[in-house]
Amino acid sequence: MPAEHSDDAPALTPEAVAAALAALGSYAYVPTSQDLARDAATVGGEHVLAALLANALYGAAVATAMAAETRMVQRGATAEQVTLARRQVMKAAGAVGPGVVTVLHWQMAQVAGPLYGWSQHKTLGPLGEAMAQAASALVLLLEVTTATGDDDARLADLNDQVRQALRRLEDSHSRLRELLASGDGLARVAEAWRGDQG
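Mind the numbering: the sequence shown is residues 1 to 198 in full-length UniProt numbering, read in order.
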């Protein structure tokens, strides 16, 4: 489920997101208004392009944060300083109270997608499936926590999602036991992973 925002919020434009990407140095060539208009027509409209660019901006920001954190730690940052830095994610997202869960749910869905892709690689064995199922379960459980009370119209569906999450966690548990029972399972996974990265 995508994160929900107020209809009163100003529409995000491709130009605004492209400017932010340019500020992060993500473009070898900064697109013109004509470029963006052409891209919007190709992908299905400005609203689609804005979302595509915003996700690209998210990826660029993650890479920037990882590099900055690594440098900070290498220069002797404390655990408290690392925690302070990471708190800025929710702060910048404007997430407070229930909004924190909404952001976490969106972030976890971002994680679950690639993990599902890995689960299709048979060379990764049961570990890929275990990770995908666990991530999918967490996405479901985070959505469950968005329920507003006993009168929430989604409550029946959310109860079903808890059952789905339980089944996926049980499957993940089973896959991990299968991995450990295989003896050389982890070694084979590491070898397969190196091959995929090559």
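The hints are simulated quantities; they were obtained by calculation from the structure and are not laboratory data.
Cβ atoms here follow ideal geometry from the backbone N, Cα and C, with glycine treated the same way.
It cannot be assumed that every hint is accurate.
Stated by the list, open to error - Pairwise CB distance ranges (calculated):
| no. | residue 1 | residue 2 | range |
| --- | --- | --- | --- |
| 1 | A181 | A20 | 45 to 51 Å |
| 2 | V73 | V101 | 27 to 33 Å |
| 3 | D152 | Y29 | 46 to 52 Å |
| 4 | T42 | H173 | 42 to 48 Å |
| 5 | A51 | Q164 | 25 to 31 Å |
Claimed, not checked - Computed cross-link-like contacts, DMTMM-like style, restricted to lysine to aspartate or glutamate with a CA-CA straight-line distance of at most 25 Å:
| no. | residue 1 | residue 2 |
| --- | --- | --- |
| 6 | K91 | E143 |
| 7 | K91 | E80 |
| 8 | K91 | E69 |
| 9 | K91 | D35 |
Consistency of the hints with the structure:
no.: 1; hint: A181 - A20: 45 to 51 Å; in the structure: holds, 49 Å
no.: 2; hint: V73 - V101: 27 to 33 Å; in the structure: holds, 28 Å
no.: 3; hint: D152 - Y29: 46 to 52 Å; in the structure: holds, 48 Å
no.: 4; hint: T42 - H173: 42 to 48 Å; in the structure: holds, 44 Å
no.: 5; hint: A51 - Q164: 25 to 31 Å; in the structure: holds, 27 Å
no.: 6; hint: K91 - E143; in the structure: holds, 21 Å
no.: 7; hint: K91 - E80; in the structure: holds, 16 Å
no.: 8; hint: K91 - E69; in the structure: holds, 17 Å
no.: 9; hint: K91 - D35; in the structure: violated, 33 Å
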